[in-house]
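**Student:** Line by line, the protein sequences are chains P and B.
According to this note's numbering, the residues represented by the first sequence are 2 to 151, in order.
According to this note's numbering, the residues represented by the second sequence are 5 to 171, in order.
Please keep in mind that the hints were generated in silico from the structure rather than gathered at the bench.
The beta-carbon is built from N, C-alpha and C at its ideal position, and this holds for glycine as well.
Among the hints, erroneous ones may be present.
In silico negatives: residues of chain P with every beta carbon more than 10 Å from chain B [unchecked claim]: (1) Glu22; (2) Ser36; (3) Lys49; (4) Asp96; (5) Thr107; (6) Lys136.
Just so you have them, the derived chain P footprint on chain B, three or more residues with Cβ under 8 Å [unchecked claim]: (7) 21 to 30; (8) 44 to 53; (9) 91 to 103.
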Amino acid sequence: MPKKKAKILNEIKLKFPSLSENERFSRLVVSGFASQLDPQIDEISDIKTAVSEAVTNSIVHAYKNEIGKIELIARIYEDNIIYIKIKDYGCGIPDIKKAMEPLFTTSPEEERAGLGFAVMESFMDKLKVLSKEGKGTSVILTKKIKTKLD
Amino acid sequence: MGLKLYDEVEEKSKLTAYISGEIDHHSAKSIRKEIDINIEKLNPTNLYLDFSKVDFMDSSGIGLVMGRYKLQSQRGGKVFIQNPPPLIKKVMLVAGINKLAKIVSIDIPLSEMQKAKETVQNSDKQKNETKEVSIDVHKNDANKNKEPEKALEEVEDNAEKESKNTK
């Protein structure tokens, strides 16, 4: 998370149903939004991958047998920081620690690798997961984009 | 997103699947279906998954490789990951999928890719008519492999000339 008093320079909000077609849509929106920070190709790829993981989690796990609402907020903070929050109102995660363990998955039959959180963690600077059973889950991703001077 | 498959004559038991486009949870379903149908049909010992034309992949791509690895293991076969671009390879290494499927880089002459394309197009037509196994086997002609190299040399020559002209 950026510092509490860090200034928000730009913000978008997006609401969409948990259809798998929106996995691509949402990562392209975030990639377009992040492009104003002039990121490197690999940084954009990291962000797209992390967003794709988080949104897929909501689609596959939070709304397992239903279509629900997903909210995405993306912000740019000063110091070239991109912040992305992906929120759903689905089933929630009973044990976040366990869910974050690499290779742990509740959907092996769907060929889910159980690596979503591991990928988010390694591709972003920070990952925060908030969840309440029966209420939903929020995933917050942040990354500092390197400036050309760095 | 697309998939091109062909069988090689030298190694009858080799199947290469050329995956292209973006691999996510949405697209993985149809890719895995098409690969599995062809595994069933052609019964290959070695399955090569070519990622050279994949421009995005999340952990659904890892699931795809893991699933094919399981399938091939049950049948006594192997899976290889062929020519992943750097950003795709990064996801694979984070996941450690290279422990299950070896990452290999293989030079594919342009003519081969073209043939694979044509073969699948032809086979699609046949599929509709006869519903038979329709992926053609072709011979590797050493002379043909030289063609793209020549073409590349020409391109390089031209590029050199052009750069001289601009100077």
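**Student:** Does each hint hold? Answer for all of them.
**Tutor:** Hint check:
1. Glu22: For Glu22 (chain P), whose nearest Cβ neighbour in chain B is about 6 Å away, the distance does not exceed 10 Å, so it is violated.
2. Ser36: 15 Å, holds
3. Lys49: At about 6 Å from chain B, Lys49 (chain P) fails to clear the 10 Å cut-off, so the statement is violated.
4. Asp96: Asp96 (chain P) clear of chain B: closest Cβ-Cβ about 20 Å, beyond 10 Å.
5. Thr107: For Thr107 (chain P), whose nearest Cβ neighbour in chain B is about 13 Å away, the distance exceeds 10 Å, so it holds.
6. Lys136: Its Cβ never comes within 10 Å of chain B, the nearest being 23 Å, so this holds.
7. 21 to 30: holds (count 4)
8. 44 to 53: violated (count 0)
9. 91 to 103: With 5 residues close enough to chain P, the hint holds.
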